[in-house]
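Chemist: Please construct the entire structure, taking both the sequences and the accompanying hints into account.
In order, the protein sequence lines correspond to chains V, W and H.
Per the numbering used here, the first sequence starts with residue 1, numbered consecutively.
Per the numbering used here, the second sequence starts with residue 1, numbered consecutively.
Per the numbering used here, the third sequence starts with residue 1, numbered consecutively.
For the record, the hints were derived by calculation from the structure and aren't laboratory data.
You may find that some hints are simply not true.
From the structure, some residues in chain W lie toward chain V, with a derived Cβ separation under 8 angstroms [said to hold, decoys possible]:
#1 Pro17
#2 Asp18
#3 Ser28
#4 Phe72
#5 Gly143
#6 Leu346
#7 Gly349
#8 Leu375
#9 Tyr452
Just so you know, even glycine gets a beta-carbon here, dropped at the ideal spot from N, CA and C.
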Amino acid sequence: MSMFMPIEASDRAAQIDTIFLALLIISLLISALVFGLIIGFGIRYRRASSADRGPMPEFFRREFEIGWTFATALLFLFLFWWAASVNIEVLVPPKDSYRVNVVAKQWMWKFQYPNGVRQIDTLRVPIDTPITLTLESQDVIHSFFVPAFRIKQDVVPGLRTETWFKATKLGTFKLLCAEYCGTDHSRMRGEVIVMRQKDFAEWLAARPEGDDLARRGAELFVSRGCSGCHAESSNVHAPRFPGLYGRRIPLADGRTAVADEAYIRDSMLQPNRDVAAGYRPIMPSYSGLLDDGEIESLTAYIRSLGTVGGAPAAPTAPPSGGAANAAEAAEAADPAGPTTRPTGGGR
Amino acid sequence: MTTDTLVAGELPLGERPDYLREGRTVLSWLTTTDHKRIAILYAITITFFFFLAGAAIALVRLELFTPNGDLFSNDTYNRLFSFHGIVMVWFFLVPSIPTVMGNFLVPLMIGAPDVAFPRLNLMSWYINVIAGVFTIYAVIAGGVDTGWTFYTPYSTMFSNSYVLAAAFGVFTVGFSTIATAVNMITTVHLLRAPGMTWFRLPLFVWSIYATSIVIALATPVLAISLLLVIAERWLGLPIFDPARGGDPILFQHLFWFYSHPAVYIMVLPAMGVVSEIIPCFARRRIFGYQFMVYAIVAIAGLGFFVWGHHMFVSGQSPFASLIFSLLSFIIAVPSAIKVFNWTASLYRGQITFESPMLYALGFVGLFTTGGLSGLFLASIPIDIHVTDTYFVVAHFHYIMVGGSVSAFFAALHFWWPKATGRLYPESWARFAALLMYFGFNLTFFPQFVAGYLGMPRRYATYPPEFQVYNVMSSSGAAILAAAYLLPLGYFTWSLFYGRKAGNNPWDATGLEWSTTSPPPPKNFDHEPRVDHDPYDYHPQGASAGIGSRPVHQHERDLR
Amino acid sequence: MSDTEILQEPWARVSRQREGATFGIWVFLATEALFFGALFLTYAIGRIENPAGFVAAGRETDVFYGTLNTAILLTSSLTMAVASQAAAEGEAALHRLVVWCLGATVLLALAFLVVKGFEYREDVEKHLVPGRDFAIVERGAQIFFALYWIITGVHAIHVSVGIVLISRLWIMAATRRMKVEKNPQIEVAGLYWHFVDIVWIFVYPLIYLPGRATG
Ligand code: HEA
Ligand code: HEA
Ligand code: CUA
Ligand SMILES: [Cu+2]
Chain V
1 MSMFMPIEAS DRAAQIDTIF LALLIISLLI SALVFGLIIG FGIRYRRASS ADRGPMPEFF
61 RREFEIGWTF ATALLFLFLF WWAASVNIEV LVPPKDSYRV NVVAKQWMWK FQYPNGVRQI
121 DTLRVPIDTP ITLTLESQDV IHSFFVPAFR IKQDVVPGLR TETWFKATKL GTFKLLCAEY
181 CGTDHSRMRG EVIVMRQKDF AEWLAARPEG DDLARRGAEL FVSRGCSGCH AESSNVHAPR
241 FPGLYGRRIP LADGRTAVAD EAYIRDSMLQ PNRDVAAGYR PIMPSYSGLL DDGEIESLTA
301 YIRSLGTVGG APAAPTAPPS GGAANAAEAA EAADPAGPTT RPTGGGR
Chain W
1 MTTDTLVAGE LPLGERPDYL REGRTVLSWL TTTDHKRIAI LYAITITFFF FLAGAAIALV
61 RLELFTPNGD LFSNDTYNRL FSFHGIVMVW FFLVPSIPTV MGNFLVPLMI GAPDVAFPRL
121 NLMSWYINVI AGVFTIYAVI AGGVDTGWTF YTPYSTMFSN SYVLAAAFGV FTVGFSTIAT
181 AVNMITTVHL LRAPGMTWFR LPLFVWSIYA TSIVIALATP VLAISLLLVI AERWLGLPIF
241 DPARGGDPIL FQHLFWFYSH PAVYIMVLPA MGVVSEIIPC FARRRIFGYQ FMVYAIVAIA
301 GLGFFVWGHH MFVSGQSPFA SLIFSLLSFI IAVPSAIKVF NWTASLYRGQ ITFESPMLYA
361 LGFVGLFTTG GLSGLFLASI PIDIHVTDTY FVVAHFHYIM VGGSVSAFFA ALHFWWPKAT
421 GRLYPESWAR FAALLMYFGF NLTFFPQFVA GYLGMPRRYA TYPPEFQVYN VMSSSGAAIL
481 AAAYLLPLGY FTWSLFYGRK AGNNPWDATG LEWSTTSPPP PKNFDHEPRV DHDPYDYHPQ
541 GASAGIGSRP VHQHERDLR
Chain H
1 MSDTEILQEP WARVSRQREG ATFGIWVFLA TEALFFGALF LTYAIGRIEN PAGFVAAGRE
61 TDVFYGTLNT AILLTSSLTM AVASQAAAEG EAALHRLVVW CLGATVLLAL AFLVVKGFEY
121 REDVEKHLVP GRDFAIVERG AQIFFALYWI ITGVHAIHVS VGIVLISRLW IMAATRRMKV
181 EKNPQIEVAG LYWHFVDIVW IFVYPLIYLP GRATG
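Modeler: Given below as structure tokens:
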């Protein structure tokens, strides 16, 4: 960190700093103009001076006024366009990104890797790899902020948000909670450790709780009674899971939905909201019975049973390299992109 | 008698006491319906609240001198800045110019004997006081720690502080501002003196009028959002609770639907003040009067459609964010018009730098700086990095403190002789103005840097690398405190020992200067008639210098 | 305002003063419109996000009481309109009509509150107050009922304010302590009262009709 610029440790950081500097230069020029004119006029036209005080030429009143109105409007439109285009560029995470699940609660950060490894307040990521974070909160609103990466995303209870980054520097960077969340808001800090890809893979493999999410999900599938209806052998008329993930599903009320994470989560928490066509709404709500981690595991299990194409996806996505993972398939099926907004009214 | 002597000398008061001496008992003040007296009542309450909220943040700045929590617990810290924000916004800045200056000046400026509903006017002050009592009760009972934004679900389900009392206080003060707004709108529509057409209204009146419309249409939404918070917290009725199907983001939409227009409620009247003062001390007509009016109206209208720029990282749809970003840039265009026009009004003027002018020029500079930083925030990728950091804190203090509070001080100094009939010590006032400018920049400029480096706001403790900026900021705040205490001193002094001001010490053209200082209870002896445009300084062809302004018809009658 | 027709400060003419009163109330009603508008918006978002819950909850409201109250309120609007029109005519002969109509309006408004009271009692008995033993399980139904209590409660407060305003006019007119002819207060009270009715016209379908069309 220099005196005036934070470290640039992600590919986005440089881009954002460029806009920032451009805006800064424009602002300085404009301030120089405004301050310069005020001071200049103040001196030239102080009462004691003998400057010319005749009436203003007419073109000054209209043409000038209209002129600078349009000039500023154009400048503003240009600035908007530039900033917006950078924003749109980074809106959608790359398809091959590595996913980490983040759960925020007063006043700590919990990270869960695709293979089940959990960490508190420390996020380790491989360098030069797009990382997508799925963010959930267990209580109030928090905000995931890593200044060195120039990313920030609120973590809202009842809503699943997402953000992503690609780290370009090795090292340890500050993670801060940026949305006020109560007493220890200012202590809700952590760190992001960017490692070499090889080191990261080793670290991940060496973790004791290496059992993967999907396997835990498979256990829950039985222990929580899902199998009673959804297992291949069940007599209950309920959808089967193989090949479900990412499919476009017709609903009883005529709409269709894509079986993405959000949809599956909803199916467990509010089964009566989007009832699949051809089934009766008999599935009970698991709201309050399953915690976020369990839902995550069950979803991973369902995903592991295969996607649209029918080919079972690898249960754990490798840290880098473009393996066709489930999320990618989901996006392919849903042109609107990965909208993970379970409570968002849009869909 | 020539018009010059009439303007400079005192008008004969005759039997008639001025509004200050009309009744001398406390009761006569507490039951008054005279808009000028009500303005004074408001002035007392908002001064009280300003120093209260200022004292709270002084403690905050003291704590932030070092990175660790040495003085207060985190809980206390959170209560202090929440109280500061709530009181500064709703009990000081929103009512400041409209209820004090607006109340005092609008009837005088349009040539009316009073506002349209004098009793409603008094009632609104009492509502204001009651609301203040609730808020202060919340603090005495133990404080409120939600920030001024009351975000759910923290405010409804997690906070252990006195949210109900505070929310109820803010809910109530809303009605007080609405009452004033209804009054102002009706007054401007129906009580203009003959000849005072819409395009002869002083820009100050235009700005109060536009502000009042914004207040009338935005404040009820704040009332509802707080009512829903109260219902959810107190009665357990689920509205925003995500566990029961509610949407916490909805609260943010409701809150900012009010609070963005509210920032223009806080700055439009300030712009009005500056538009009065700059022409007077530049002895020049305001440049582009009509454009200035259109700009006011455009800001007031567009202000309703940009609230989403406070929610770029909240999880709202990215498409919505783009629209809000675009509109935020558009709304800067009318602000730009205003800045350029103020500057152009100096061209070929005969400028003097009395303290009101110093404050007014300070406003232009600091508003420009703050406004330009608003453009950084309106750019989504930059906002993602700096939102909820000190960059935002610096942005809004530049506009609200550097801008609006400076303008409020400009107005106090400019109209002080009119309201009290006394002059304040000019050199002290100039010194205070410069001190304020210096202290202000020292306090808030470092916050831009700290913010961009990543220092989050609402942090009781912070990573040590930010300390140097915080030390600067805290030292600046101490200077600022001194600069705010100075006027308190010399204004009080001038009440008793100040020289008599005469009716029009600035030789200004507004109608308010054409009556006696302090004005009589019904403002004018004869109904004024208006036969020329505002800001008729330096009429075409007239020679330079004092006394070159035209004199109002009824002023001649007064003799 | 006082009970005689003396001109008030700051007005120069009575006609202007009347204009001022009406203008002021219109501005106030604009404020009120945004107030209820924000409530309805909250309802709309709740319903979009929880369609099933709102339908299930809507079925539990008592459409009989609701419809009855709509009829009562609309009738009261009629009597209020007659009162204000008759007063505006400025005929001394219409004095009795004005008094009768004001009285009818007050009584109808009271009837509205009484019916509302019965309805509230029934709702409480049916466990329709959000909380631990709330009767409906669908997600979002609690939000519907939270809004039901808030919206109807706020509306009932407005009705009560109307009752106070109009009874005052009624008593003063009946005891002839106030001239009704061309009295702006009656028009102002009338405008307010019609607004309260119009709000109810929006409330009725939001509260009593969800879930009923499809049975
Ligand atoms: C009086 C108060 C006031 C005013 C007038 C403004 C004016 C503006 N504000 Fe500000 N704002 C606040 C008070 C105010 N704001 C507050 C209180 C908050 C934070 C609340 C909280 O979170 O607690 C906030 C937060 C805030 C945010 C959200 C930040 C965040 O939380 O992430 C944004 C984002 O777009 C924003 C933008 C703007 C813009 C674009 C303007 C524009 O209107 C500014 C227009 C003015 C100019 C641009 C300067 C003059 C123009 C020229 C000299 C022309 C020449 C310029 C060019 C050609 C470039 N403001
Ligand atoms: C609307 C008007 C307004 C005004 C006028 C001010 C005035 C000031 N504000 Fe305020 N501020 C807000 C509105 C305002 N603020 C809002 C809305 C917030 C957001 C709150 C939130 O996050 O919820 C905020 C938050 C805020 C913060 C961020 C706190 C945090 O996020 O943790 C800081 C930090 O420096 C700050 C500083 C100041 C200072 C130094 C002044 C100075 O200008 C004040 C100077 C005045 C005095 C100092 C008082 C005068 C002197 C005395 C009473 C004598 C006693 C004092 C001493 C002995 C020193 N303000
Ligand atoms: Cu978590 Cu702030
Ligand atoms: Cu805003």
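Chemist: Each hint needs a verdict: does it hold in this structure or not?
Modeler: How the hints compare with the structure:
Interface hint at Pro17 of chain W: violated, since its Cβ lies 37 angstroms from the closest Cβ of chain V, which is beyond the 8 angstroms cut-off. At about 32 angstroms, the closest approach between the beta carbon of Asp18 of chain W and any beta carbon in chain V exceeds 8 angstroms, and the interface hint on this residue is violated. Interface restraint check for Ser28 of chain W: the shortest CB-CB distance to chain V comes to about 43 angstroms, outside 8 angstroms, so the restraint is violated. Violation of the interface hint for Phe72 of chain W is found here, the shortest Cβ-Cβ separation to chain V being roughly 12 angstroms, above the 8 angstroms cut-off.
Because the smallest distance between the Cβ of Gly143 of chain W and any Cβ of chain V comes to about 12 angstroms, over 8 angstroms, the interface hint for this residue is violated. Checking Leu346 of chain W against chain V by beta carbon gives a least distance of about 4 angstroms; that is within 8 angstroms, so the hint holds. Interface hint status for Gly349 of chain W: upheld, as the beta-carbon distance to the closest one in chain V is roughly 5 angstroms, under 8 angstroms. Because the closest C-beta pair between Leu375 of chain W and chain V is about 7 angstroms apart, less than 8 angstroms, the hint holds.
With 8 angstroms as the threshold, the beta carbon of Tyr452 of chain W comes within range of chain V, its nearest partner Cβ sitting at about 7 angstroms, so the hint holds.
Hint compliance for this structure: hints 1, 2, 3, 4, 5 are broken, all remaining hints hold.
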